[in-house]
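For the sequence shown, our numbering assigns the number 126 to the initial residue and increments by one for each residue that follows.
No lab work stands behind these hints: they were computed from the structure. The model shown is predicted, which means the values in this text are computed figures rather than measured ones. Glycine included, each C-beta is placed from N, C-alpha and C at the ideal position. Hints may be right or wrong, so weigh each one.
[Claimed, not checked] In silico DSSO-like links for lysine-lysine, alpha-carbon gap of 30 Å or less: (1) K259 with K277; (2) K277 with K322; (3) K259 with K322; (4) K252 with K277.
[As the list claims (entries may be wrong)] Label-pair distances were calculated between CB atoms; the ranges are: (5) G333 with G151: 26 to 34 Å; (6) Y318 with D278: 21 to 29 Å; (7) E183 with R316: 16 to 24 Å; (8) P156 with D182: 34 to 42 Å; (9) G335 with S229: 33 to 41 Å; (10) G218 with S161: 17 to 25 Å; (11) T271 with S213: 36 to 44 Å; (12) T158 with L331: 32 to 40 Å; (13) S189 with N162: 31 to 39 Å.
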Amino acid sequence: MIKQRKVILSLTFIFTMFFSTVALAGPFTNPATTNSNYDRWDAKVYAERHAESPNDDEYADFMSSGGDCTNFVSQVLWAGGMSMNGTSTPGYGYWYYYGSVPPSRSYSWTGVTQFMQYWANYNGSGKNKAYSFKIYTLTDAMDPDTYHAIFKDLYEGDIIQYTGAITHSQVVHDYDSTDLYVAQHGTEEARYYSGQKLSQYLDWVLDGYGSNVTVYTERMKLAST
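Generate the whole structure from the sequences, applying the supplied hints.
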């Protein structure tokens, strides 16, 4: 009887662990206190200051090494008060920058999907450190009703990422009554900018890359300030 109970308890533990692992994948919303120390204003100021003028005194620029987009949004999060995690383990389970070459920086600091695996999840695995995470096809994101929902959900310092025909990271730095504005770095100087309407950027993606693109939004904290 004791042996049977142990078997049942073991199976229960296995199933619990399995479903807990599965729950890591896909959209999520964390508790309301998640990342409550994040300062959206500081993130906004940094994004606008360094979108077109990279902070070369403190960070390497990866424009010619696959693009600087995720390096830039990581800098924005750090400027907004997000804590680095780790010192010498560069896998996606950590997020830090102490130098330009791993293990002095984590892959999640500069890589699109590794960043997503730290702050959210990708391909079934991730740390889900953001407050919330949502996934859209490009076509859905451009639908007026869905786009309005995205607009209502994101604020300064929140992150937008893309995979598929284009792999990219951006940060929201402003908004008006109808649209979000994004700042970014890229693979060439012309792609280093702020003040781009997200709706116009999605049009640009569709025209240049087609509809085979997935759009991800990572809201860093619940509060809008």
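Each hint, compared with the structure:
Distance check on the hinted pair: K259 and K277 sit about 13 Å apart at the alpha-carbon level, within 30 Å; holds. The hinted pair formed by K277 and K322 meets the criterion: a straight-line CA distance of about 14 Å does not exceed 30 Å. Taken as a hint, the K259 and K322 pair is honoured in the structure, with Cα atoms around 20 Å apart against an allowance of 30 Å. As the CA atoms of K252 and K277 are separated by approximately 25 Å, the hinted pair is consistent with the 30 Å bound.
Distance hint check for G333 and G151: the Cβ-Cβ separation is about 28 Å, which falls inside the suggested range of 26 to 34 Å. Between Y318 and D278, the C-beta spacing of about 23 Å keeps the proposed range 21 to 29 Å intact. Here the CB-CB span from E183 to R316 is close to 21 Å, well matched to the stated 16 to 24 Å. Checked against the given bound of 34 to 42 Å, the beta carbons of P156 and D182, roughly 37 Å apart, stay inside it.
The hint said 33 to 41 Å for the Cβ distance between G335 and S229, and at roughly 37 Å that hint holds. At about 22 Å, the CB distance of G218 to S161 agrees with the hint of 17 to 25 Å. Under the hint 36 to 44 Å, the C-beta atoms of T271 and S213, about 42 Å apart, fit the expected range. The given range of 32 to 40 Å is respected by T158 and L331, whose C-beta atoms sit roughly 37 Å from each other.
In this structure the supplied range 31 to 39 Å holds for S189 paired with N162, their Cβ-Cβ distance being about 35 Å.
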